[in-house]
Amino acid sequence: MAGIIVQELADAVGGVLFGSGDILITGAASVNDAGPGDIVLAENEKYLAAARSSQATAVVVPEASSCDGKVVIQVENPRQAFSTILGLLASQLGVPSPGIDPSCRIGERVKYGQSISIGYGCYIGDDVTIGDGTIIHPLVYIGDGVRIGDNTVIHPNVTVYPGCEIGARVVIHAGTVIGSDGFGYIPVGSKQCKVPQIGNVTIEDDVEIGSNTSIDRAKTGTTRIGSGTKIDNLVHIAHNVKIGSGCLIVAQVGVAGSSEIGNCVTMAGQSGAKDHVHIDDGVVVAARAGVIGNLTKGVYSGFPARPHKEAMRAQAAYLRLPEMMKEIDNLKKQIEELNRRIADFGGDESGVESR
Amino acid sequence: MAGIIVQELADAVGGVLFGSGDILITGAASVNDAGPGDIVLAENEKYLAAARSSQATAVVVPEASSCDGKVVIQVENPRQAFSTILGLLASQLGVPSPGIDPSCRIGERVKYGQSISIGYGCYIGDDVTIGDGTIIHPLVYIGDGVRIGDNTVIHPNVTVYPGCEIGARVVIHAGTVIGSDGFGYIPVGSKQCKVPQIGNVTIEDDVEIGSNTSIDRAKTGTTRIGSGTKIDNLVHIAHNVKIGSGCLIVAQVGVAGSSEIGNCVTMAGQSGAKDHVHIDDGVVVAARAGVIGNLTKGVYSGFPARPHKEAMRAQAAYLRLPEMMKEIDNLKKQIEELNRRIADFGGDESGVESR
Amino acid sequence: MAGIIVQELADAVGGVLFGSGDILITGAASVNDAGPGDIVLAENEKYLAAARSSQATAVVVPEASSCDGKVVIQVENPRQAFSTILGLLASQLGVPSPGIDPSCRIGERVKYGQSISIGYGCYIGDDVTIGDGTIIHPLVYIGDGVRIGDNTVIHPNVTVYPGCEIGARVVIHAGTVIGSDGFGYIPVGSKQCKVPQIGNVTIEDDVEIGSNTSIDRAKTGTTRIGSGTKIDNLVHIAHNVKIGSGCLIVAQVGVAGSSEIGNCVTMAGQSGAKDHVHIDDGVVVAARAGVIGNLTKGVYSGFPARPHKEAMRAQAAYLRLPEMMKEIDNLKKQIEELNRRIADFGGDESGVESR
Chain A
1 MAGIIVQELA DAVGGVLFGS GDILITGAAS VNDAGPGDIV LAENEKYLAA
51 ARSSQATAVV VPEASSCDGK VVIQVENPRQ AFSTILGLLA SQLGVPSPGI
101 DPSCRIGERV KYGQSISIGY GCYIGDDVTI GDGTIIHPLV YIGDGVRIGD
151 NTVIHPNVTV YPGCEIGARV VIHAGTVIGS DGFGYIPVGS KQCKVPQIGN
201 VTIEDDVEIG SNTSIDRAKT GTTRIGSGTK IDNLVHIAHN VKIGSGCLIV
251 AQVGVAGSSE IGNCVTMAGQ SGAKDHVHID DGVVVAARAG VIGNLTKGVY
301 SGFPARPHKE AMRAQAAYLR LPEMMKEIDN LKKQIEELNR RIADFGGDES
351 GVESR
Chain B
1001 MAGIIVQELA DAVGGVLFGS GDILITGAAS VNDAGPGDIV LAENEKYLAA
1051 ARSSQATAVV VPEASSCDGK VVIQVENPRQ AFSTILGLLA SQLGVPSPGI
1101 DPSCRIGERV KYGQSISIGY GCYIGDDVTI GDGTIIHPLV YIGDGVRIGD
1151 NTVIHPNVTV YPGCEIGARV VIHAGTVIGS DGFGYIPVGS KQCKVPQIGN
1201 VTIEDDVEIG SNTSIDRAKT GTTRIGSGTK IDNLVHIAHN VKIGSGCLIV
1251 AQVGVAGSSE IGNCVTMAGQ SGAKDHVHID DGVVVAARAG VIGNLTKGVY
1301 SGFPARPHKE AMRAQAAYLR LPEMMKEIDN LKKQIEELNR RIADFGGDES
1351 GVESR
Chain C
2001 MAGIIVQELA DAVGGVLFGS GDILITGAAS VNDAGPGDIV LAENEKYLAA
2051 ARSSQATAVV VPEASSCDGK VVIQVENPRQ AFSTILGLLA SQLGVPSPGI
2101 DPSCRIGERV KYGQSISIGY GCYIGDDVTI GDGTIIHPLV YIGDGVRIGD
2151 NTVIHPNVTV YPGCEIGARV VIHAGTVIGS DGFGYIPVGS KQCKVPQIGN
2201 VTIEDDVEIG SNTSIDRAKT GTTRIGSGTK IDNLVHIAHN VKIGSGCLIV
2251 AQVGVAGSSE IGNCVTMAGQ SGAKDHVHID DGVVVAARAG VIGNLTKGVY
2301 SGFPARPHKE AMRAQAAYLR LPEMMKEIDN LKKQIEELNR RIADFGGDES
2351 GVESR
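Read top to bottom, the protein sequences are chains A, B and C.
Start counting the first sequence at 1; every next residue gets the next number (this note's numbering).
Start counting the second sequence at 1001; every next residue gets the next number (this note's numbering).
Start counting the third sequence at 2001; every next residue gets the next number (this note's numbering).
If you're looking for bench data, these hints aren't it; they were derived computationally from the structure.
Backbone N, C-alpha and C define an ideal beta-carbon position, used for all residues, glycine too.
A few of these clues could be false.
As the list claims (entries may be wrong) - Partial list, derived from the structure: chain C residues whose beta carbon lies under 7 Å from chain B:
id, residue
1, Ala2029
2, Asn2157
3, Ala2251
4, Arg2288
5, Leu2331
6, Lys2333
Said to hold, decoys possible - Calculated pairs, EDC-like style, for lysine to aspartate or glutamate (alpha carbon to alpha carbon, straight line, at most 16 Å):
id, chain 1, residue 1, chain 2, residue 2
7, A, Lys191, B, Glu1204
8, C, Lys2326, B, Glu1310
9, B, Lys1326, A, Glu323
10, C, Lys2333, A, Asp281
11, A, Lys332, C, Glu2336
12, B, Lys1326, A, Glu310
13, B, Lys1111, B, Glu1165
14, A, Lys332, C, Glu2323
15, A, Lys326, C, Glu2327
16, C, Lys2326, A, Asp329
17, B, Lys1332, C, Asp2205
18, C, Lys2242, A, Asp33
19, B, Lys1191, C, Asp2205
20, B, Lys1332, A, Glu336
As the list claims (entries may be wrong) - If we take Cβ atoms under 8 Å as the criterion, some of the chain B residues that face chain A in the derived model are:
id, residue
21, Asn1233
22, Ile1328
23, Ile1342
Take these sequences, add in the hints, and give me the full structure.
In structure tokens, the structure reads:
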């Protein structure tokens, strides 16, 4: 990373610079981790103190804040500005130069946009369409008839099965598989007969997908990931699932066949949803929760997933269970004592029966 | 997909055709998802009604059923017939032409059957055997000494480690790894010493394995997946596991070392089994269940996995826990009141002690 | 596997040999699984009996033990000796011959050590450093600026993103991804804006990583895996996580962003940890446990993870829940009966109110 001078960064975020503008910023870090040349974010007093005692060269701070001994960029929204600065520094990370590596196997009737890059050792099937500015890293398999939009990035060792559609500005990380067969079998006697999976997968614009994730093609029709949805690593999306726009699907989540997830839904890490459920817009499914029915607006946790407050009450009671058992034993003994005493009064020897 | 005329589909499933036989079917869909050119399945009245109002061109129906305005194929077993039709339509999807791509690196003493296809950029080690009609898609690694049966399909970016055996009519989806080392270490002081893993993996005939699944080689001997077993995406099968025939191992399941799973066992999504357990033939392990001991015939759920009915009773009670806590409090108060009243009768001031 | 004569194996482990030293050992197996040519381990009487009736050729036994009809190697620590023997047999498994396959795409300014091997179809970026004796199997992607230590082995279809650092004697199994972007977004209105991830991943010496595992690069700084730590298959390690030395991270574990795991920690299969938690040295997190806060020394289980004894007590109580519900009902009836009887004595008709 060659670096960017701090004046350029301040200008890019519309910030006010305090200090020498020609200092070179070569990296970014958290305040606990920063070395010379790094820029850090200090949103509040706690982080300003840490920034001050760090080795960082420059600090992004809120308006009216200062940070002794550091180059300072004051901005209205420090978090947003820091994100922009990270983006500028990241854009310095090597991107492959445009062109198609001569090692690649390119099919027939492939249509390319402008300024595309296809890296070493890729297989591009027949009738593939690739949009402007799209980057395909080395060792990627793109099956026949796949359509990819503009400015999309596909990382190494990704597999996109035939017939799938990938939108614009999509990012797919290494090892991810788009369009493997759905898991569909009909038991006939003791054998499991395969239901052919002839649909595809559609990844809409601005989706990002992590590494080693699997998204299965539809049995018929399409498995759809809505625009702007972000999917983490090692996620399983089964056949015919529909996920809306702007969702966050965190690592190791599994969504079973034909389930429908609305817009702006969060499924936190290691949660899951059974097949054919519907999750409304804006629902939050907590980490490790297991969805077994339709969910309407709200936060859900536990397995089976329930409204979070209810789940928390049951959880709290669960932790008190050993104590509850003792209390029940105690109540039993008290009742026996009461029976004994009443028998003393009334001469009724039998007492209340213990059932 | 060029399509198949509907008469041909009807003949293939031994069905009775109502309507014009030369109409072209270009795809298949669910009734909610169908467009012109599609064939759909309508097993009962509910689906017949949906089919009627869909845009589908043709419908597969039970004997004696009709569907106004659609081309109809009447059959005895509509589900089975629809599966056959899906298969015919799927067979129209491009399969690679036979031959070995000149880009491949082929080892020494490799034995090929008839009509095989090895795609672009594959590595085939020494002493590999590949059966008749087997298709190896691009960018696959096949290690030394691997034996692959007839009519097997291996999708892109798969890795098969040296010495593993793959049967006939097996399908392995993209990104899956067969034969990585088992996770075996012996602690010596504060270090973990590796136990070398010199066994292999045997995948029997008619097995299908999803994408990004990992099946570890045995420490010694073999990790075995029995004939006809179907494994979904992102599944972990540890070293020395034995899985019987006709099992369904759903997405994100993990089976720890040396466990033995019988025939026709279902392990539903995100469930797991610890090491060295035995699961009998026909057992069903419900989604997200965690098996920690041997299981005999039946359905099991929860963690630790218990007989499903028992687990459901505990689950039901769990949901009533906050209510139970209130009831216990209420009983306490009533007993106090009883004590007070008995003391009034008997002049015994102490009451029953609260323990 | 050509095999090694048994005298050579006995000498290598400092054992005492009983039987003919020139018999060839061609493999190793468990006692239940052994065939002719195999060596087995028999640590105690139970296994000695099984070894005796097995088809094994040779047996590793404790001092003073014997095994009729077999070639015997007596040693002080049979487990350790057997591990050494497995290692000797494993070293006979084919390793690629040194050299760089001419098919590879090698970047500029790459620095190689002695006796390295880079297999067919690899992509090696600019400014990469590769240490002595390191083996890179076919179809691997190594990004720009990656540094790899001595005697490391990288299996097929692995992706190492630019800028990551891999130590000496590291093993990375097939399909694993090192350095994919962390899952970081800032919600701005209904959109999720990406926080660029410009840090890297550092894998220290003697780490082993299973297949299809994902380790994300840091947002800034580094995601660190400490020396000697062993990671299994399908594990998710998020951005900025720090894992100490000598840990065991078992299959399908997930660790969320910025969490810190000490030295010699075990996280058993399918467990998880939320973001920003700290786990002390030596902690054991049981299978399927979910860590939601900091953990100090001890064994933890359940979700949320609690001290194991406490979790077991709650678990035991959980299983008694249906019974507890019956007991509460029974207590209610007894109290009603007591009320009735007291009312008989005292002429108070109302009894104790049921609240």
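16 Å limit on alpha-carbon distance, applied to hinted pair A:Lys326 and C:Glu2327: At roughly 12 Å apart (the allowed maximum being 16 Å), C:Glu2327 and A:Lys326 satisfy the hint.
Let me know if the C-beta of B:Ile1328 comes in closer than 8 Å to any C-beta of chain A, holds or violated. Holds, about 5 Å.
Checking one constraint from the list: CA of A:Lys332 to CA of C:Glu2336, max 16 Å. Satisfied? 14 Å, holds
Going by Cβ atoms only, is B:Ile1342 closer than 8 Å to chain A? Holds: closest Cβ of chain A sits about 6 Å from B:Ile1342, inside 8 Å.
Hint validation: C:Leu2331 versus chain B, beta carbon distance must be below 7 Å. Holds or violated? 6 Å, holds
What's the verdict on B:Lys1326 and A:Glu323, does the C-alpha distance respect the 16 Å limit or exceed it? Given pair B:Lys1326, A:Glu323 holds - Cα atoms ~14 Å apart, limit 16 Å.
Straight-line Cα separation of A:Lys191 and B:Glu1204 no greater than 16 Å? 14 Å, holds
Pairwise hint evaluation, A:Asp33 against C:Lys2242, where the allowed Cα distance is 16 Å at most: Given pair C:Lys2242, A:Asp33 holds - Cα atoms ~12 Å apart, limit 16 Å.
C:Lys2326 and A:Asp329: Cα distance at most 16 Å? At roughly 13 Å apart (the allowed maximum being 16 Å), A:Asp329 and C:Lys2326 satisfy the hint.
Checking one constraint from the list: CA of C:Lys2326 to CA of B:Glu1310, max 16 Å. Satisfied? 15 Å, holds
Against chain B, run the beta carbon of C:Ala2029 and see if the smallest gap drops under 7 Å. 4 Å, holds
Is the shortest C-beta separation between C:Ala2251 and chain B less than 7 Å? Hint holds; C:Ala2251 Cβ to chain B Cβ min 4 Å, cut 7 Å.
Consistency with the previously given hints fails for numbers 6, 10, 17, ordered from lowest to highest.
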